[in-house]
Amino acid sequence: MEKIFLKNDLGLDKYPFKGLRNALKGSPEDVVQKIKESGLRGRGGAGFPAGIKWEYANSIDNEIKFVICNADEGEPGTFKDRFLMENLPEKVIEGIIICAYAVKSNYGYIYIRGEYEKAIKIIKNKIKDLYKSNVLGRNILGTEFNFDLKVIRGAGAYVCGDETSLINSIEGERGRSRIKPPLPIEKGLYGYPTIVNNVETLSAAAEIMKYDDNPYLKMGTEKSRGTKLVSISGDVNQPGVYEVELGKITIKNIIEDLAGGVSNGELGFVIPGGVATEALGPDEIDVPYTYENLMELNSGIGSGGMIVVSNKRNYFEIIKNVSNFFKNETCGTCFPCREANRNINALLNHNKLMSDLTSEQIEIITEIKETIGYASRCGFGQASVNFILSVLEKFNDGRVNS
Amino acid sequence: MKIKINGREYTYEDNITIFEAARRSHIKIPTLCYNQKLQPYGSCRICSVEVKDRRTLMPACVTKIEDNMEIFTHSQKVRRVRKMIMELIIASHGITCNLNCLNCSRATSCEIRNVAAEIGIDKLRIHPMEEQIKPIDESSFSIVREPQKCIVCNRCVRKCSEVQGVDILTIANKGPETHVTTFLDKGMGNVDCTNCGQCILECPTGALHEVYHIDQVWKAIEDEEKYVVVQTAPAVRVAIGEEFGANAGEIETGQMVAGLRLLGFDKVFDTNFSADLTILEEGTEFIGRVKNNGVLPLFTSCSPGWIKFLEHNYPEFIPNLSTCKSPQQMFGAIVKSYYAEKNNIDPKNIVVVSVMPCVAKKFERSRPEMKGDVDYVLTTRELGKMFKQAGINLREVPPEMYDDPLGESSGAAVIFGATGGVMEAALRTAYEVLTGHNLEKLDFHEVRGIIGVKEAEITIGNKEIKVAVVNGLGNAKKVLEMIKKKEKEYHFIEFMACPGGCIGGGGQPIPTNEDTVIERMTSIYDIDMMSKYRKSHENPSVKLLYKEFLGEPNSEKAHHLLHTTYTARK
Numbered sequence: 551m552e553k554i555f556l557k558n559d560l561g562l563d564k565y566p567f568k569g570l571r572n573a574l575k576g577s578p579e580d581v582v583q584k585i586k587e588s589g590l591r592g593r594g595g596a597g598f599p600a601g602i603k604w605e606y607a608n609s610i611d612n613e614i615k616f617v618i619c620n621a622d623e624g625e626p627g628t629f630k631d632r633f634l635m636e637n638l639p640e641k642v643i644e645g646i647i648i649c650a651y652a653v654k655s656n657y658g659y660i661y662i663r664g665e666y667e668k669a670i671k672i673i674k675n676k677i678k679d680l681y682k683s684n685v686l687g688r689n690i691l692g693t694e695f696n697f698d699l700k701v702i703r704g705a706g707a708y709v710c711g712d713e714t715s716l717i718n719s720i721e722g723e724r725g726r727s728r729i730k731p732p733l734p735i736e737k738g739l740y741g742y743p744t745i746v747n748n749v750e751t752l753s754a755a756a757e758i759m760k761y762d763d764n765p766y767l768k769m770g771t772e773k774s775r776g777t778k779l780v781s782i783s784g785d786v787n788q789p790g791v792y793e794v795e796l797g798k799i800t801i802k803n804i805i806e807d808l809a810g811g812v813s814n815g816e817l818g819f820v821i822p823g824g825v826a827t828e829a830l831g832p833d834e835i836d837v838p839y840t841y842e843n844l845m846e847l848n849s850g851i852g853s854g855g856m857i858v859v860s861n862k863r864n865y866f867e868i869i870k871n872v873s874n875f876f877k878n879e880t881c882g883t884c885f886p887c888r889e890a891n892r893n894i895n896a897l898l899n900h901n902k903l904m905s906d907l908t909s910e911q912i913e914i915i916t917e918i919k920e921t922i923g924y925a926s927r928c929g930f931g932q933a934s935v936n937f938i939l940s941v942l943e944k945f946n947d948g949r950v951n952s
Numbered sequence: 012m013k014i015k016i017n018g019r020e021y022t023y024e025d026n027i028t029i030f031e032a033a034r035r036s037h038i039k040i041p042t043l044c045y046n047q048k049l050q051p052y053g054s055c056r057i058c059s060v061e062v063k064d065r066r067t068l069m070p071a072c073v074t075k076i077e078d079n080m081e082i083f084t085h086s087q088k089v090r091r092v093r094k095m096i097m098e099l100i101i102a103s104h105g106i107t108c109n110l111n112c113l114n115c116s117r118a119t120s121c122e123i124r125n126v127a128a129e130i131g132i133d134k135l136r137i138h139p140m141e142e143q144i145k146p147i148d149e150s151s152f153s154i155v156r157e158p159q160k161c162i163v164c165n166r167c168v169r170k171c172s173e174v175q176g177v178d179i180l181t182i183a184n185k186g187p188e189t190h191v192t193t194f195l196d197k198g199m200g201n202v203d204c205t206n207c208g209q210c211i212l213e214c215p216t217g218a219l220h221e222v223y224h225i226d227q228v229w230k231a232i233e234d235e236e237k238y239v240v241v242q243t244a245p246a247v248r249v250a251i252g253e254e255f256g257a258n259a260g261e262i263e264t265g266q267m268v269a270g271l272r273l274l275g276f277d278k279v280f281d282t283n284f285s286a287d288l289t290i291l292e293e294g295t296e297f298i299g300r301v302k303n304n305g306v307l308p309l310f311t312s313c314s315p316g317w318i319k320f321l322e323h324n325y326p327e328f329i330p331n332l333s334t335c336k337s338p339q340q341m342f343g344a345i346v347k348s349y350y351a352e353k354n355n356i357d358p359k360n361i362v363v364v365s366v367m368p369c370v371a372k373k374f375e376r377s378r379p380e381m382k383g384d385v386d387y388v389l390t391t392r393e394l395g396k397m398f399k400q401a402g403i404n405l406r407e408v409p410p411e412m413y414d415d416p417l418g419e420s421s422g423a424a425v426i427f428g429a430t431g432g433v434m435e436a437a438l439r440t441a442y443e444v445l446t447g448h449n450l451e452k453l454d455f456h457e458v459r460g461i462i463g464v465k466e467a468e469i470t471i472g473n474k475e476i477k478v479a480v481v482n483g484l485g486n487a488k489k490v491l492e493m494i495k496k497k498e499k500e501y502h503f504i505e506f507m508a509c510p511g512g513c514i515g516g517g518g519q520p521i522p523t524n525e526d527t528v529i530e531r532m533t534s535i536y537d538i539d540m541m542s543k544y545r546k547s548h549e550n551p552s553v554k555l556l557y558k559e560f561l562g563e564p565n566s567e568k569a570h571h572l573l574h575t576t577y578t579a580r581k
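The listed protein sequences derive, respectively, from chains A and B.
Residues 551 to 952 (the numbering used here) make up the first sequence, in order.
Residues 12 to 581 (the numbering used here) make up the second sequence, in order.
Simulated from the structure, these hints should not be mistaken for laboratory data.
One or more of the hints may lead you astray.
Subject to a maximum C-alpha distance of 25 Å in a straight line, what follows is the list of computed BS3-like cross-link-like pairs (lysine-lysine) [unchecked claim]: (1) Lys870/A with Lys359/B; (2) Lys730/A with Lys396/B; (3) Lys278/B with Lys396/B; (4) Lys730/A with Lys39/B.
Derived DEER-like restraints, expressed as beta-carbon distance ranges [said to hold, decoys possible]: (5) Tyr740/A with Lys477/B: 35 to 45 Å; (6) Lys902/A with Leu113/B: 29 to 39 Å; (7) Ala705/A with His570/B: 55 to 65 Å; (8) Lys700/A with Lys474/B: 37 to 47 Å; (9) Leu195/B with Lys700/A: 26 to 36 Å; (10) Tyr740/A with Ser566/B: 51 to 61 Å; (11) Pro731/A with Lys474/B: 53 to 63 Å; (12) Asn787/A with Leu135/B: 41 to 51 Å; (13) Asn656/A with Thr119/B: 55 to 65 Å.
Because the structure is a prediction, the values reported are computed rather than measured.
Positions of the beta carbon are idealized from the N, C-alpha and C atoms, including for glycine.
Work out the full structure: start from the sequences and follow the hints.
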């Protein structure tokens with residue numbers, strides 16, 4: 551198994567918390583500076599620079615602030631956070647504590663997807679142990695820093711992976727997005743400044759802090775620093791979680807070299823970053839795996855959930871399946887998202903074959919996509935039709951099985 | 012700060028929304044889920060506008076203006092997106108033969124239709140959603156919910172919780188199953204609903220309306236055996252015209268009386284008569300409580316929404332409630348006793364119909380404590396429908412007078428229709444009865460106006476009387492909490508469930524909002540000013556009623572007919 555960076559500490563007998571020790575030696579601002587310099591981008595899907603988020607949270611003066619680790623990992627085909635929590639729980643928690651130190655927060659939550667029973671158990675036990683060994687609690691590792699961490703179990707709503715919905719969920723409110731502004735960093739959980747980061751982002755931060763120099767500066771491209779965990783599933787011979795250095799490998803190589811190639815026929819298309827990103831055909835995958843390269847193709851790295859689909863699959867059934875998912879998982883608050891996904895679903899399900907869709911129907915779906923992209927309330931809604939329309943546009947070529 | 016809207020420069024202070032800035036620039040941005048009086052919700056996205064350098068469109072209702080912001084309220088992109096959202100909403104309505112605009116309660120006042128017209132919907136490309144039929148909630152005596160027509164804009168939910176503090180409506184489930192409902196889907200009749208009907212006024216569609224009594228009333232009118240008597244509440248006369256295109260607050264008393272005769276009612280009487288009667292009974296009760304160290308503060312009992320709210324949430328205050336029935340119920344009781352006796356009519360053959368600005372009155376007439384006083388209750392809106400069904404254009408009918416004797420009333424009675432009116436009427440009478448002097452200044456301006464909580468101190472003889480006037484149940488909650496904590500002390504409090512009082516009632520023409528309420532209020536006080544009698548105890552017919560039948564206020568007979576009891580519902 552490849553150990554490029556994040557996976558370095560796999561299989562250690564005793565986790566040394568070197569990143570945390572290093573962080574605590576300096577000031578919170580030193581930590582912020584290092585993360586900012588690293589160019590680490592949010593690994594949950596949006597790709598917002600973590601350091602800038604941390605810097606803003608650090609600059610807000612408030613006695614109570616919250617750190618939330620977003621472990622709701624609900625994007626279909628994405629399972630890299632589960633891998634981290636099950637195999638490197640200390641690193642995940644270490645990342646949360648480092649973030650808390652950097653933004654001067656003493657309270658944190660890790661919001662874990664409800665179905666992740668094993669991960670929940672592991673993290674809960676680990677938190678207990680770490681309180682005993684003084685990595686959590688009061689005067690962490692002999693310093694003046696105090697931090698408490700609690701696990702919250704999600705109840706199975708995709709939208710709760712959106713940070714404001716997640717905050718609502720912790721508060722016991724309906725899982726639906728909040729109107730921004732105010733940003734959670736200004737007014738989040740229970741009205742207090744709150745920073746929300748993805749599991750992988752925090753783990754990467756913990757790893758970065760391990761080193762005296764900044765390892766991220768030596769890895770990746772200017773806009774895509776470091777490494778990324780890719781969870782590959784679908785029609786490949788060796789599905790799993792792989793760590794890749796950004797910009798050093800193409801999507802084609804990821805599929806062929808790491809995941810053992812396409813099983814069950816030739817490559818039909820690949821969904822590079824979860825079902826909220828556009829599908830790429832065989833002629834589009836010979837590109838370096840970076841934020842910027844995929845953006846050029848109107849797609850994205852997203853959560854790193856790569857789904858490979860062979861040309862033997864019924865594409866239309868796949869988009870119907872994804873449409874069912876979005877229809878059921880929209881929180882139902884804003885009209886464009888609720889009604890658009892319902893109507894697209896109805897349009898698709900009215901037809902047996904993709905080629906049965908009339909040009910007028912495709913035009914309507916295209917217009918609905920535009921509307922949902924411009925007018926939905928949160929990022930989930932805005933991205934919900936990307937994949938479906940990309941398949942209709944790229945692969946509606948009268949294939950017999952679609 | 013300086014902003015540009017559609018290329019023109021404007022300067023506004025910070026902290027206003029794009030919607031507000033556009034409004035001040037005389038540009039109307041369409042909305043569905045927005046109401047200035049409610050917390051912004053940002054769900055319908057109809058108000059989306061283009062802002063330069065923003066990736067997405069911005070909802071105007073929640074986006075604050077920023078310095079140098081360039082806003083495009085009706086660009087091609089905006090128009091296209093709005094049209095698509097509107098098409099989706101129309102599709103979600105699931106229009107069928109049974110469910111369409113022709114047979115909708117809001118056929119003439121539907122916000123969706125208005126917004127669709129504003130946006131310029133000229134074709135519908137998306138088929139109506141095939142819905143499984145969602146059952147209609149008919150559990151309430153007052154309100155019907157038709158979930159199929161609901162677009163989940165959340166305005167009823169917000170009105171119920173934010174303005175009224177009742178909080179019986181909620182949003183349940185997610186995705187296409189998202190819907191408005193009550194606790195555990197129990198239905199509005201089985202939860203702590205006060206029947207105030209503010210949700211109906213807030214609904215942009217026909218998803219909420221009153222329980223109709225129109226058919227029963229037609230049947231009674233057409234029944235030769237029945238002697239059908241109608242009473243009209245104070246607030247109806249200043250609003251019914253709006254159903255016929257009149258400006259808000261236009262006074263149509265005489266036309267309404269004439270119209271009711273044309274409909275075929277045997278007698279057209281006035282709830283104002285029993286409002287005067289209420290003042291004598293309640294005023295006497297108040298004086299008695301003050302003199303005999305009874306339970307104070309005394310709470311008024313005219314508003315059935317308020318009564319049910321108190322019974323559910325503050326039953327410990329039941330002893331504070333006046334035992335007086337509301338004017339509607341007193342009227343029914345008097346018709347079926349005094350009037351029947353006087354005119355030799357068998358009370359069993361008398362049908363009492365009320366026209367009320369209120370949907371809670373439909374619940375009130377069904378209360379076991381007062382069953383039989385009133386047979387049917389029509390809202391102002393229902394009366395408008397009946398007039399239309401009978402081909403009566405209210406504004407063209409020559410005015411007529413109410414019938415005697417139960418049509419005679421004072422100006423003190425008509426002001427019952429506005430918040431503060433009951434208090435003012437009571438003070439006019441209490442002052443004169445207690446001091447024996449004539450009141451020089453009849454207008455108590457301290458208790459008038461649309462403010463939620465008003466207070467006044469009045470010297471009557473050598474006693475300082477502290478009064479308060481509260482409208483809107485959210486405000487009632489606040490005042491009751493203050494009384495509980497002993498932060499406030501009063502002798503007498505008027506409570507009305509609806510903002511603005513009865514003129515803002517849940518049965519009034521749509522739109523009922525602050526603007527229309529103010530217009531109606533002005534007219535109410537105009538009628539008072541023009542009245543021959545302005546004090547309840549001067550109403551000759553009421554005097555005669557006591558002389559011939561009741562004896563004196565709070566007599567045993569009066570107690571039997573005009574007073575009631577309450578039920579703790581916690």
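Now for the hints, and whether the structure bears them out:
1. Lys870/A with Lys359/B: violated (65 Å)
2. Lys730/A with Lys396/B: violated (44 Å)
3. Lys278/B with Lys396/B: holds (20 Å)
4. Lys730/A with Lys39/B: The given pair, whose Cα atoms are some 23 Å apart, holds under the 25 Å limit.
5. Tyr740/A with Lys477/B: 35 to 45 Å: About 39 Å separates the Cβ atoms of Tyr740/A and Lys477/B, which means 35 to 45 Å holds.
6. Lys902/A with Leu113/B: 29 to 39 Å: Taking Cβ atoms as reference, Lys902/A and Leu113/B lie about 35 Å apart, which means the hint holds.
7. Ala705/A with His570/B: 55 to 65 Å: holds (56 Å)
8. Lys700/A with Lys474/B: 37 to 47 Å: violated (60 Å)
9. Leu195/B with Lys700/A: 26 to 36 Å: holds (30 Å)
10. Tyr740/A with Ser566/B: 51 to 61 Å: holds (59 Å)
11. Pro731/A with Lys474/B: 53 to 63 Å: Roughly 54 Å apart at Cβ, these two residues keep to the hinted range, so it holds.
12. Asn787/A with Leu135/B: 41 to 51 Å: holds (49 Å)
13. Asn656/A with Thr119/B: 55 to 65 Å: holds (59 Å)
Violated hints, listed in ascending order, are 1, 2, 8; each of the other numbered hints is respected by the structure.
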